[in-house]
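**Q** Below, each chain spelled out in residue letters.
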Amino acid sequence: MADTAYIAGIYEHPTRNAEGISTAELHADVAFGALADAGLGLSDVDGFFCGAEAPGVGGFSMAEYLGLTRLRHMDTTETGGSSYMVHLSHAAQAIAAGKCDVALITLADRPVAGKAGPRLAGVDFSLIPERHFQPPVPPFPMLGYAMVARRHMHDFGTTSEQLAWVKVAASHHAQHNPQARLRKVLTVEDVLASPMVADPLHRDDCCVLTDGGGALVVVRAEIARQLKRPPVRIRGTGEAMQHAAGGRADLTRSAGVRSGAIAFAEAGLTPEDIRYASIYDSFTITVIVELEDLGFCAKGQGGRFVADGNLIAGVGRLPVNTDGGGLCNNHPGNKGGMTKILEAVRQCRGEAHPAVQVPRHDLVLAHGTGGSLAGQHMAATVILEAM
Amino acid sequence: MSGHDTQPREAALLAEYQAAAEAGILLLRACQSCGEAHVYPRPHCPLCGHRGTEWRKASGAATLYSYTTSPMLPPATHYAMVTLAEGPTMPTIIVQSDFEALEIGQPMTLRFTKGPKGAPVPAFVAPASLRAEAYAARVIAEADAVPPGEAPALAQVAVIGGGTMGQGLVSACLIAGLSAVLVDRAHEALERARSVIAANVAQAIDKGKARPAAAACLDALVCTTDMAAISRADVVIEAVYEAMALKQEVMAQADRFARPGAVLGTNTSTLDIDAIARATTRPGAVVGLHFFSPAHIMKLLEIVRGTATEPATLAAARALGDRLRKTSVTVGNAFGFVGNRLMIAREHHAAQLLLAGALPQEVDAFQTGFGLPMGTFTLQDMAGGIELAYRQRQDTGRTDWLIDRLFKAGRTGLKSGKGYYRYEPGSRKPIPDPEVEALIREWSAAEGVTRRPIPPAEMHDRLILPMLNEGFKLLEEGIADRPEDVDTVWLRGYGWPAWRGGPMYYAQQKGLGAILDRLTALQAQEGEAFRPAALLQSMVAEGRALFAPSPDAA
Ligand SMILES: NC(=O)c1ccc[n+]([C@@H]2O[C@H](COP(=O)([O-])OP(=O)(O)OC[C@H]3O[C@@H](n4cnc5c(N)ncnc54)[C@H](O)[C@@H]3O)[C@@H](O)[C@H]2O)c1
Chain A
1 MADTAYIAGI YEHPTRNAEG ISTAELHADV AFGALADAGL GLSDVDGFFC GAEAPGVGGF
61 SMAEYLGLTR LRHMDTTETG GSSYMVHLSH AAQAIAAGKC DVALITLADR PVAGKAGPRL
121 AGVDFSLIPE RHFQPPVPPF PMLGYAMVAR RHMHDFGTTS EQLAWVKVAA SHHAQHNPQA
181 RLRKVLTVED VLASPMVADP LHRDDCCVLT DGGGALVVVR AEIARQLKRP PVRIRGTGEA
241 MQHAAGGRAD LTRSAGVRSG AIAFAEAGLT PEDIRYASIY DSFTITVIVE LEDLGFCAKG
301 QGGRFVADGN LIAGVGRLPV NTDGGGLCNN HPGNKGGMTK ILEAVRQCRG EAHPAVQVPR
361 HDLVLAHGTG GSLAGQHMAA TVILEAM
Chain B
1 MSGHDTQPRE AALLAEYQAA AEAGILLLRA CQSCGEAHVY PRPHCPLCGH RGTEWRKASG
61 AATLYSYTTS PMLPPATHYA MVTLAEGPTM PTIIVQSDFE ALEIGQPMTL RFTKGPKGAP
121 VPAFVAPASL RAEAYAARVI AEADAVPPGE APALAQVAVI GGGTMGQGLV SACLIAGLSA
181 VLVDRAHEAL ERARSVIAAN VAQAIDKGKA RPAAAACLDA LVCTTDMAAI SRADVVIEAV
241 YEAMALKQEV MAQADRFARP GAVLGTNTST LDIDAIARAT TRPGAVVGLH FFSPAHIMKL
301 LEIVRGTATE PATLAAARAL GDRLRKTSVT VGNAFGFVGN RLMIAREHHA AQLLLAGALP
361 QEVDAFQTGF GLPMGTFTLQ DMAGGIELAY RQRQDTGRTD WLIDRLFKAG RTGLKSGKGY
421 YRYEPGSRKP IPDPEVEALI REWSAAEGVT RRPIPPAEMH DRLILPMLNE GFKLLEEGIA
481 DRPEDVDTVW LRGYGWPAWR GGPMYYAQQK GLGAILDRLT ALQAQEGEAF RPAALLQSMV
541 AEGRALFAPS PDAA
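Respectively, the protein sequence lines represent chains A and B. Note that the numbering used here has the first sequence beginning at 1, numbered continuously upward. Note that the numbering used here has the second sequence beginning at 1, numbered continuously upward.
None of these hints come from the bench; they were simulated from the model. Backbone N, C-alpha and C define an ideal beta-carbon position, used for all residues, glycine too. Certain hints may be false.
As the list claims (entries may be wrong) - The calculated label-pair distances, taken between Cβ atoms and stated as ranges, are:
no. : chain 1 : residue 1 : chain 2 : residue 2 : range
1   : A       : Gly56     : B       : Pro74     : 33 to 41 angstroms
2   : B       : Phe335    : A       : Asn17     : 53 to 61 angstroms
3   : B       : Pro74     : A       : Lys115    : 20 to 28 angstroms
Unchecked claim - Computed footprint of chain A on chain B, listed as stretches where at least three residues anywhere in the stretch have a Cβ under 8 angstroms from a Cβ of chain A:
no. : region
4   : 8-17
5   : 36-42
6   : 54-67
7   : 87-95
8   : 110-124
Next comes chain A alone, as it looks inside the complex:
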């Protein structure tokens, strides 16, 4: 991608339980937070991106609620947790095409306060065409991911201990994040001792359920150069969708194989160039499959790759999710893509917590998987560069 689009402002909502705060208010909190970080105001925004959880009709209601009066570009693509990698990519493309100069991307939801559980707001699974032919099973994502994990174990010898290492790494990082939902440092034994929720996944193999959200401000290069924050360039992006294909799915390979390849090709880079990675961690198994698919290790080697602290900053070869990730820090609205990008930007700026900041942070990656690895999902990869 040419030198066109930069992330100029970021904000992560500090709440993890939004009792008493409406979803619209949360959107406003994160929007103003990110604009303030960028040093911009509402009147600068001419592009708006949000997902289906934004209350009201598409992006209309939030645009009016926030007070966005200069919009000439809007995108309400919903791909679950990866929506925000997709929005980032689409914002960069819109800026490159001259369709907007300052894009605001917001995510905010309150499934905890709203007692909605691990469900996406604003989408209606009861209308999917295959509904009459699905087995009578409650629509909990962890059931599908448990099948991914078991198949991965069967095909490649991945173990529960290796899965647990992903959580252990996240917990090591989360101890330094005062806002993290879970801050206790865990051992592999702790994770294995947590109750089985969907065999072979333990409770600690699952991400947290949180309220809150986050926002990004993406701007044209010329604007970025006038702002005070360290400029973070969007160097490459890729998106890819995968589904059951009439019953020909491979549970151990995600659409990340393609989204990663596209992003690396666009950036002119390879996985070896990446100093830090935010890897979507709805479940521990998600990280293992994605690391393989992105090329950080060979297919089937993900379990070995994550073991023994290899994802822990200051310890391992590839620090991952240094904010504590979705597994320990935050998974607002059951969509972890936003927080993945936020921590990647912090690392890229050199503004992560000193205990987890990677020393060389010129090139970082954020990868998301929205939907279910076991069925329909959208993978999206973004590669960011410190300028």
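Place chain B with the ligand on chain A using the hints.
**A** Structure of chain B with the ligand alone, referenced to chain A:
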């Protein structure tokens, strides 16, 4: 959110798909151009884009692609993906299969099950379940196929005691076209009994389950307080209150009036057959006839052999069982006979689990998840078990911390609207009750037990293994003649899931050595209630199998 989605074409496909499912057929949709099958029906081919597809019947053969289980799933259900022989991999559920025995790549067989809305949904079962079911069907067929021998003619049955069991027994006889006499000491009891019996028989006739003579037999039914009326009966069965002195007195009277050669049966569930036999002048003719309630419905008959019971008496009892279309199993005379011995072991340990940290709903959920029709505490509430346990103990002076308090709080079960659970008026649905939970916590505190969550694997070991252990003891004591008999009793009378083959079959599949190890560990940890049966120990030591030949041999 709402849709505007009427999909007339897809509605028609759905109707055809569901009609096939009703007939046990899984339909796939296949492309008329590329020939590939896809999982959920669409009018076009999602693989090549051709707009023309047709039905293709799935063979039902598949291999397991991946699977999981979770407390969020319905009991005894696992979520899975299977690869059909026709190509596609589909999400589905696995039913009637032991989760531990599943393995990726193993063959699976289609079996429709009832979905939450009552319509059939495709599900799959594991080969081990099919083998267990085949075994279960075989032992029951064997039990039913014992040749009659020289059974005496059977025309009339007399029942003494017109309560719950008496009513069921008379109903069963009439439905089978036998003439019957009912004796009770109370006229009201007889009147009540007659109307219940008439309703039972009418229902069986309606359902086409009665012999042609049933209606005439009902008309001829004699209900009387006069014991002399039993004098022409071929079999006399007493079903009076469960008290030894009363039973002995009633049997002595029956002895006086019954014709020579008649069988004197007792329906006792807990009393010593020999002691009852001693009250008569013909102990050789006395036999336990342990029917289950409701006796005209339940399929099992435990024929209890006393020390003096003569072969001819056993043959006559057997003939009665055959005539009533029961599965008869002859067992020895010991407290609980065969079926209740396993039940008592389970109930004892279920209570211990409450003390250790579990709640009634958790213990029950484990049991239904295992495949049993009902959990301990739901069953106790339904059958009035709290009151029964309380009353039975009163002359012994023994106490039971929890049951005594439940009883005194008026928590006697479903009938009183509260027991281990509470019940909404008119509903039989058990609802967990914080009051009971508080009581259980108090109990643990009183016993100095630190409560902890009990994982399902531990529930399995502490509820199921003692039942298996009890089975070994019954074999060792000669109360059960063969492991197949224990299995038949629990399959037929207690709802042991056929796909687990029976308790002893299950023990064999789990491995006797593994069971011995677990019981030994539990004995060390929890006490003597887990002491492994001597027979189990010697079989493991000598490497002997429980079944010879293998239970899966055709
Ligand atoms: N209810 C069950 O689930 C069940 C199952 C298996 C076996 N049993 C056994 O069956 C027997 C009867 O149980 P039930 O539940 O039917 O009891 P019940 O209390 O319903 O009925 C007992 C009946 O016996 C009558 N009776 C008492 N003394 C009598 C006498 N001297 N002469 C004639 N009739 C007399 C009573 O009037 C009453 O109608 C018991 O031995 C019990 O252990 C019961």
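**Q** Decide, hint by hint, whether the structure agrees.
**A** Verification of the supplied hints:
1. A:Gly56 to B:Pro74: 33 to 41 angstroms: holds (37 angstroms)
2. B:Phe335 to A:Asn17: 53 to 61 angstroms: Given range 53 to 61 angstroms: holds, Cβ gap about 57 angstroms.
3. B:Pro74 to A:Lys115: 20 to 28 angstroms: Distance hint for Pro74 of chain B, Lys115 of chain A holds at roughly 22 angstroms.
4. 8-17: Per the Cβ count (3), the hint holds.
5. 36-42: holds (count 7)
6. 54-67: Our answer is that it holds, as 3 residues pass the Cβ test (under 8 angstroms) against chain A, meeting three.
7. 87-95: holds (count 7)
8. 110-124: holds (count 5)
Taken one by one, the earlier hints all hold for this structure without exception.
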